[in-house]
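Participant: Each protein sequence line maps, in turn, to chains A and B.
Numbered by the working numbering, the letters in the first sequence go through residues 65 to 178 in order.
Numbered by the working numbering, the letters in the second sequence go through residues 5 to 116 in order.
Keep in mind that the hints are not guaranteed to be accurate.
[To be verified] SDA-like, lysine to any residue: derived pairs with alpha carbons at most 20 Å apart:
(1) A/Lys113 x B/Glu101
(2) A/Lys175 x B/Pro43
(3) A/Lys165 x B/Gln54
(4) B/Lys13 x A/Gln109
[Said to hold, decoys possible] Heads up, incomplete: computed chain B residues facing chain A, CB under 10 Å, no partners named:
(5) Gln10
(6) Lys13
(7) Ala35
(8) Tyr39
(9) Gly44
(10) Leu49
(11) Gln54
(12) Asp63
(13) Phe92
(14) Leu94
(15) Cys95
(16) Gly104
(17) Arg112
[What the hints assert, rightly or not] Across the chosen pairs, the derived CB separations fall in these ranges:
(18) A/His74 x B/Ile64: 20 to 30 Å
(19) A/Gly80 x B/Asn57: 51 to 61 Å
(20) A/Gly161 x B/Pro43: 24 to 34 Å
If you are wondering where the hints come from, they were derived from the structure by calculation, not from laboratory data.
A virtual CB, placed ideally from N, CA and C, is assigned to each residue, including glycine.
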Amino acid sequence: AQSVTQLGSHVSVSEGALVLLRCNYSSSVPPYLFWYVQYPNQGLQLLLKYTSAATLVKGINGFEAEFKKSETSFHLTKPSAHMRDAAEYFCAVSDPGGGNKLTFGTGTQLKVEL
Amino acid sequence: DGGITQSPKYLFRKEGQNVTLSCEQNLNHDAMYWYRQDPGQGLRLIYYSQIVNDFQKGDIAEGYSVSREKKESFPLTVTSAQKNPTAFYLCASTRQEGYGYTFGSGTRLTVV
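One chain only, chain B, in its complex shape (with noise of 0.2 Å):
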């Protein structure tokens, strides 16, 4: 079956530490999506990338990066520059407008 794949489920870094979330995708999607969600906040836009080689920040881009050398693969890489990376990193991918989002199972990262 299609889907988007998350790893790890659960990540810990200490202080000064640059860790990638991986999302993978066997759905043929050209759009991915990095969301992170805290708890009253909803989902907030880090980062998206519409085709191979470009992407673009969404409203929270600081302290992120991303690739996307790949159609299947979109790796987010939370730096050091990241003040309050604890939070639960979504991963999500679409084929066109308006169909909506098929979402991965998460990644939970813990600043220690």
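So here's chain A without its partners, still in its complex pose (with noise of 0.2 Å):
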């Protein structure tokens, strides 16, 4: 069964820095792989995705992540944070042909500080 490695539960930045999110993943396959935001007692947001297409990827609000296969890791950035990032941020990741299922991490608290 794949699985999905969020390193870091809780992350504080101050506001201006640059934001680095971790997740790793275990697949025999090249999965799929999903960036996902979460705002106090909301749904979950689709920031970005990778979709074996460009591995480096763009998404909403000035994020990116990178798929590295060699490493298994597929990290999110933004090089400047902001007040409206504080959120819990969620790494997906799905095998093609697996049904689309998603298997999330355990989420990455962000908090951002004047």
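Starting from the two chains in their separate frames, assemble the complex, guided by the hints.
Facilitator: Here is the structure:
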């Protein structure tokens, strides 16, 4: 069974600083990879996805992620954090041909400080 | 605008009661999913359905039941057999593999 590991359940950055949220996956085939954001008491919103096209994926709100097969990673970055980026972020993976079931990581809570 | 509607937003259940959470979508998506979210555990798959009148168990199906009689609707029943039902429940749908899910805004269930 595939799995997703998000390193760091809580990450704190200063406003204007680089945001780096880590995600590593285990999959026997090149997977589909996703990042979602969740604000308190709301559903999840898709930030970006990798589906075997360009390895550097740009998403909404200035976020991007790079698929690195050799490292089995799909880390999420944003050059300059804003207060509105404070939320919980989830990495998810699915195997092509696997019925489109997503396996989610345990989430990283991002705090942005002044 | 198209989307997924979950209702109610908050639900309280007494011990021994069955409760049903509603999930309706007008996106014309074939596949629908139910996830349970607990603090620090991410999202865990309860049930999913890829087509009308068919559904499969996810990783934590015990104590839950679903139906998929219409493409637009995928209700989840939390039965009295679910011993720890207090959680945030999320419904999602998608149109095809690799497309990503659209999520509802969730239902928070509390046992009183």
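Participant: Next step is simple, just say for each hint if it's right about the structure.
Facilitator: Going down the list of hints, with the structure as the test:
no., hint, result
1, A/Lys113 x B/Glu101, "holds, 12 Å"
2, A/Lys175 x B/Pro43, "holds, 16 Å"
3, A/Lys165 x B/Gln54, "holds, 10 Å"
4, B/Lys13 x A/Gln109, "holds, 17 Å"
5, Gln10, "holds, 8 Å"
6, Lys13, "holds, 8 Å"
7, Ala35, "holds, 6 Å"
8, Tyr39, "holds, 8 Å"
9, Gly44, "holds, 6 Å"
10, Leu49, "holds, 6 Å"
11, Gln54, "holds, 7 Å"
12, Asp63, "holds, 9 Å"
13, Phe92, "holds, 8 Å"
14, Leu94, "holds, 6 Å"
15, Cys95, "holds, 8 Å"
16, Gly104, "holds, 5 Å"
17, Arg112, "holds, 7 Å"
18, A/His74 x B/Ile64: 20 to 30 Å, "holds, 25 Å"
19, A/Gly80 x B/Asn57: 51 to 61 Å, "holds, 53 Å"
20, A/Gly161 x B/Pro43: 24 to 34 Å, "holds, 33 Å"
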